[in-house]
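Asks: If you read the sequences in order, they're chains A and B. Count along the first sequence starting at 1, add 13, and that's the number in our numbering. Count along the second sequence starting at 1, add 923, and that's the number in our numbering.
The set of hints was computed from the structure by calculation and includes no laboratory data. Check the hints yourself; a few may be wrong.
[To be verified] Label-pair ranges, simulated between beta-carbon atoms: (1) B:1252 - A:309: 48 to 56 angstroms; (2) B:1216 - A:295: 41 to 49 angstroms; (3) A:176 - B:1252: 49 to 57 angstroms; (4) B:1156 - A:425: 46 to 54 angstroms; (5) A:295 - B:1242: 35 to 43 angstroms; (6) A:408 - B:1224: 53 to 61 angstroms; (7) B:1028 - A:223: 20 to 28 angstroms; (8) A:185 - B:1117: 37 to 45 angstroms.
Every residue gets a Cβ at the ideal spot worked out from N, C-alpha and C, and that includes glycine.
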Amino acid sequence: MGDPLFWHRLQFGFTATYHYLFPQLTMGLAFIILVLKAMGLKTGEARYNDAARFWIRIFGINFAVGVVTGIPLEFQFGTNWARFSRLSGGIIGQTLGMEGMFAFFLESSFLGLLIWGEKKLSPKGHFGAAMALWLGSWLSGYFIVATNAFMQHPVGYTLLPDGTLQLQSFWAFLMNPWAHVQYAHTMIASVVTGSFVVAAIGAFWTLKGIHGEQARLNLRVGTILGLVFSVLVAFPTGDLQGKQVAKHQPITLAAMEGRFESGPRASLTLIGQPDVAQRKIENPVKVPAVLSFIAYGTFSSNVRGLQEFPEDQWPQNIELLYYSFHIMAGLGTIMIALMALAALLLWKGKLDGNRPVLWALMLAFPFPYIATTAGWAVAEFGRQPWLIYGVLRTVHGASPTVHAGHTAFTTLGFAGIFVVLSALWLYLIGREIAHGPVSRHA
Amino acid sequence: MEMLWFWLVSVMIAIYVVLDGFDFGAGILHLFVAKTNEERREVLGAIGPFWDGNEVWLLAGGGSLFLAFPKVLAAGFSGFYLAMWLVVWCLMLRGISIEFRSHVEDRLWRAFWDGTFAVSSILLPVLLGAALGNVLRGVPLDASGYFGMALWTNFRMGPQPGILDWYTLLVGVLVLATMAGHGALFLAWKTAGAVHERSRKLAGPLWLGVLVLWALATFATYTVNSGLFVNWQKAPLAWLATAIFLGGLGAVFAGLRQERPLTAFLGSGAFIIGILAASAACSYPVMLKSTLDPAYDLTALNASVGQHGLRTGLVWWFIGFPLAIGYLTFLFRFHRGKVKAAAEGEGY
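The following block holds chain A by itself, in its conformation from the complex (with noise of 0.2 angstroms):
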């Protein structure tokens, strides 16, 4: 508990994870409000607009949560990461300017014309809102994904005697292969959240037996993106994801996976808990050779286990990285599956009675959340014990004179804001939907 290291981890983790909530939600969101608005524009049909008018409003209150507890992210660079920031903000002070002045100043501009301009503007106005709310938020997306590329595969820059990394190649930085697979692999997953979260309203109105019209388009959009992003989520884009930690972080895929062993024929681990002091997965439930298949695209190839590598290079929290990794990729099958399914009966114009199908989709809505959280958590334990990968451990980070006590004072004053903020906007959600749609013309 005196362990000044051990709050700032914890308060970053904690305001990032309870952050990143919102984002996700909202760039899935303004990608299914381009769509409607675009279908809308096509077909001339009110009933996409009405649809997109009810996301917006659910979008706006999200996307207000989202900025509020986005603030404080920016200033923990400085104020808890200060040795960090000091050795690094050349290079990552890049994207996070960068996605101040390309991406918050589009969003914010737009934002409310988004929200409460609709009568003001032409209908081809309106959609150039959404435009730019998608392409913001999208953008500033990149940014971060950039900047957690860095740190997880740092490229183009240059090491120098005091310590500082120096910028040495702006764009092999900015165009890290590392942040292109991780980005797709985030905005589908975030796409997954908007797709389950809309196909969850039309599931919950369906059964509920209101909002007729409205009830079944969110069904229908829900169902079909949430089938075709939750497969991209996996493949190709995790399957990259996967195959870029085998090559670049070994001893992080051994981790994931609880591999102590080395060998050709790598199976893969489906069930099990792993016993670090042991060295072992107790109860496992493996399927032969298809780790190996999965890292390197062959049987046989051999995948490393964590005893050929120091011990002062494992990421130290094993059993929590296994578990986040284990039941991001259980939890991904499982959504695949159910989207499937109603796909399926969709298809076949029998969702709408079908009612287990129909309360499975209203209650699966937090599998993406969840899903999401345990891919970050994968890859900020993954990436310890390093700040930056190979060049700057993590207890070399932190601000030096910020004491254990600060950090928990501020911790604890957020968790106390955050009750507050999860309060509101859990009561101004639950208005939203109890409001339901409304036409314009109603």
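Assemble chain B onto chain A, guided by the hints.
Replies: Chain B alone, transformed into the frame defined by chain A:
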């Protein structure tokens, strides 16, 4: 190159203060100039489309500081740890109060957010002003390039001052008065009817207060850091900045007398930019002054990153900056004219 970035960061921060300043001012004053729900919504309608974008200037300015002078960001943010989080919490509560207030049609709900909006809008300028005071006075930076400060100690000067002492609080109150005056002029410009009248009437006394506080703070700054005034004599840019803020001050009073609120509002913008630019010009190249030893000062020269980083940043900065100004211009044109309170269920 370092000097250019010193000025780019200063420009971003100055624009931030002018823009977020008017919505801070609206928040400081709205309990007094807007009495009914309708009037409060007029005030919120005037700043609603802008406040979020205004705050982005803080993030973008911080981003520019981060990429060009990471040592200053690292030392300053960690050194002012507790004050920084007070600022962030106020920013969070304030944003939520603007966004959520009109969602629910309930008297108590709205009264609660009106109060939150006012309190956070009053605390923020005081804290940001105190931050400016700390930069002008200096902080106990040592050889490690870091410092740590208590929120307050004995409110006196010395090698180990607190973040809040009599001087930084005085600057905080000056900034509070300036933001209130700036916001009053903005509301006088953008609203009609009772809110316009009350804001206009309040602006005169507020600006007289600014004048008195400014004189006091200038004298206090002389006693705290007389070096700034020595630099002033050698810095032509500081003379220009002084001319701008004096001209701005003149425009404020002239605009008020002739009932031309836009002139007065632009004048108060010029006053803010000029006074910040003069502080920057007198401080250059020092960005964070050490109270222990001038050798520990963080300056634009010893705290900057390598040339490639600075040059690269410059390329996208000159693409992004006109875009940001373009959006702002578009927003002001789209929302031109006097504001009306939005219908129930819509708008801020």
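Asks: Each of the hints needs a verdict: does it hold here or not?
Replies: Here is how each hint holds up against the structure:
no.: 1; hint: B:1252 - A:309: 48 to 56 angstroms; verdict: holds (54 angstroms)
no.: 2; hint: B:1216 - A:295: 41 to 49 angstroms; verdict: violated (60 angstroms)
no.: 3; hint: A:176 - B:1252: 49 to 57 angstroms; verdict: violated (44 angstroms)
no.: 4; hint: B:1156 - A:425: 46 to 54 angstroms; verdict: holds (50 angstroms)
no.: 5; hint: A:295 - B:1242: 35 to 43 angstroms; verdict: violated (56 angstroms)
no.: 6; hint: A:408 - B:1224: 53 to 61 angstroms; verdict: violated (31 angstroms)
no.: 7; hint: B:1028 - A:223: 20 to 28 angstroms; verdict: holds (23 angstroms)
no.: 8; hint: A:185 - B:1117: 37 to 45 angstroms; verdict: violated (60 angstroms)
Hint violations for this structure: numbers 2, 3, 5, 6, 8, all remaining hints satisfied.
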